[in-house]
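S.K.: Sequence:
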Amino acid sequence: MKKIKAITVCFTMFLPISMFAQNISEQENIYDFSGFNVNGLEIGDYDKLYSEQDIIDAFGQPYSISYDSGLGYLYDFYKDISEDKTDAQKILKNGRIHTLGLSFLRGYFNDDSCGPIPAIDIWDRNSCIVNGFIRVGDNVDKVKQMGGRSIEYDYDDSPRFAGELIWCPSGWGNADWVVCPKFYFDSDRKIVLISIWVY
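Residue numbering for the sequence shown is -21 to -1, 1 to 178, as defined by mature numbering (1 follows the signal peptide of the UniProt record, and there is no 0).
No wet-lab data here; the hints were simulated from the structure. Glycine included, each C-beta is placed from N, C-alpha and C at the ideal position.
Distance condition first, Cα-Cα at most 30 Å in a straight line; then the derived DSS-like pairs of lysine-lysine:
| # | residue 1 | residue 2 |
| --- | --- | --- |
| 1 | Lys169 | Lys123 |
| 2 | Lys58 | Lys161 |
| 3 | Lys58 | Lys169 |
| 4 | Lys58 | Lys121 |
| 5 | Lys27 | Lys58 |
| 6 | Lys27 | Lys161 |
| 7 | Lys161 | Lys123 |
| 8 | Lys123 | Lys27 |
| 9 | Lys27 | Lys121 |
| 10 | Lys121 | Lys169 |
| 11 | Lys121 | Lys161 |
Derived Cβ-Cβ restraints for the label pairs, each shown as a range:
| # | residue 1 | residue 2 | range |
| --- | --- | --- | --- |
| 12 | Lys169 | Asp91 | 34 to 44 Å |
| 13 | Phe88 | Asp135 | 37 to 47 Å |
| 14 | Phe88 | Asp36 | 12 to 22 Å |
| 15 | Lys123 | Tyr25 | 23 to 33 Å |
| 16 | Asp136 | Ser174 | 13 to 23 Å |
| 17 | Arg128 | Asp26 | 20 to 30 Å |
| 18 | Gly111 | Arg168 | 14 to 24 Å |
| 19 | Tyr178 | Ile44 | 14 to 24 Å |
| 20 | Asp91 | Lys123 | 39 to 49 Å |
| 21 | Asp26 | Gly116 | 22 to 32 Å |
| 22 | Lys169 | His77 | 10 to 20 Å |
| 23 | Asp136 | Ile9 | 37 to 47 Å |
| 24 | Ile130 | Ile44 | 26 to 36 Å |
Given only the sequences and the hints, what does the whole structure look like? Please build it.
M.R.: What follows is the structure, given as structure tokens:
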């Protein structure tokens, strides 16, 4: 009888620990950190081709679209803040702030409608999420939870950023740092800009 009680006590003690470990494992499996995905679109991957409708579905209607022969089609997104004066440094004359800019190489592979997205700049917390996990405004140390490789630089003389953390996704192997996503942060280590340029 004592043996049965001891086994029951042990089982009751270890069951919650086992379930907790399983929950952590399942949580890790819901994210894919092997690439750089923004709102469901892979950025910087020339094997992933998207249409303009894919971009609109992921980010909404752009404020403007322009063309640069070296950068492709440039999509700019803004947010109307004419009633919100909390971020005075970013207010433009028309009462909008720049939230997102991306480059779209439509026709890159001789297809007029599709192409890769080699570059993106994210300034706004609400409009974008990276890998379903991290946003502007999060602590930059959260980036390291995505695994892969990372390197950090402090900016001693920049009025805008305290530093940057460059992150290489696990699926990119030994990619050169220059093509990897950059997370710029302020003096409180809060991310203020997420950027990548793969040309």
